[in-house]
Every structure is written in structure tokens, then in C-alpha cells.
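Protein sequences appear in the order of chains A and B.
For the record, in the first sequence the residue sitting at position 56 is 319 according to our numbering, with numbers rising by one throughout.
For the record, in the second sequence the residue sitting at position 14 is 1271 according to our numbering, with numbers rising by one throughout.
This list has only true hints and no planted wrong ones.
Pairs of lysine-lysine, DSS-like flavour, derived with a Cα cap of 27 angstroms:
(1) A:K325 - A:K274
(2) B:K1356 - B:K1314
(3) B:K1356 - A:K341
(4) A:K325 - B:K1356
By construction, these hints were calculated from the structure, which means they are not laboratory data.
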Amino acid sequence: DARVTQTPRDKVTEMGQEVTMRCQPILGHNTVFWYRQTMMQGLELLAYFRNRAPLDDSGMPKDRFSAEMPDATLATLKIQPSEPRDSAVYFCASGWTISDRAPPNNEQFFGPGTRLTVL
Amino acid sequence: KNQVEQSPQSLIILEGKNCTLQCNYTVSPFSNLRWYKQDTGRGPVSLTIMTFSENTKSNGRYTATLDADTKQSSLHITASQLSDSASYICVVPRSNDYKLSFGAGTTVTVRA
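Using the sequences and the accompanying hints, generate a full structural model.
Dropping the structure here:
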């Protein structure tokens, strides 16, 4: 049963601390998406990778957020320094595409999320 | 303005009853529409994906309809069960684009 895995599931930290969230996409998938979900904004796209290359990070605050894919089995989202307004659930999703834009009928498979609380 | 609007925001139904959720979209050009189910504390899981030519699609007790002319979709839950308690999110991708337009979701609570 192939699934996207994310760690940690829950993270509580203090303002100013560095936070690193990890994602293992489904084996064989070549696209990775990072989303943030809040009650106010719903799901928002933060970053998009294809074949480990970042193609879109326009949804991320550039000064504090960074996303990388060190290898095909690991994607990371880092916040430094963290702020209370970063409190949200962060989801990773993976999929597969043969073009630089996901074909419209390809699904994105979501992980269980990391619930981040910044005090 | 969000290009995907869902209603109602929330609803409560008794176990065994039916309910219908609505989704209106303005995303253009249109390629497909997806309904996701999100259980509390979990990530969204796809229920159905409907393309332009499909009017109705079922997945067990879930039936989705699509009217591409009026840009409306509905998700009907038949004989609801306690496990149907979740948020249901309508998602419309831009044609040939990886970006998804998400609705705010409808929270369904099924009570015994």
C-alpha cells in the first residue's frame, strides 16, 4: 500500500526556532507539492517540484521558508525563523507527470500532514 | 476571489440519511473536477475525478454529478455512515496546469 509519509506528525516550537518537515513521496512519483492548510485560508500551494527540481515556490515567504529535495525519496520544508503565523498543517503530496505541468487528470496523493504550532 | 465555491459550509445529518453537497466553479479553461474527502487529522483523499464529458460518477455510496454548462457539481452521499463524518473538498485544476483551485470544503457530521 504505497503512501506519502510525513514526519513529524506534530511539532510545537517557540517563535524564532528552526523547523524542518520531511516528506517521503510515493516510490516512482516524480512530482512533489507542499501545501499549507489553515482554517482561514484553506489549502494553499507553497512549492512544486518535478524530478527534484523546484519549478514553483511562489507561494512561500522567501525570507524564512525553503524547500529542497536532496534525493528522490526525500523532500524537506524548512522554516527559519518560525513565527506564530506559521502555525498550520503542512501537507506534502506526490504524483507523476511526463511534462513540466501535471496533466490535468493526474492525481496528487496527499500525506497525513505535519501539524505545526509556533508559540 | 476563490474560483471554487462550496455550500453549505457545514451540515449535520442522522446516520442512514442522504445528503448533497454543492460546488460552483469559475475556473477556465476547465479540464476536470475532483472531490476529496479529508478526515480529521488526515490528508485529503480523492473520491472522484470527473472530466468534461462525464455527467455522473459513483464511488460506492458517493455519487458526483457535473454540469459543465452551468459550472456546477454536486456530491451525494447515500445512506450515510458515521465514517462519512469529514470535510469534503471540491478541487478544480486549471487546464494543463499543476495548480489546483480548492474550495473551502463542506464539513459533514453524521450522528447516530
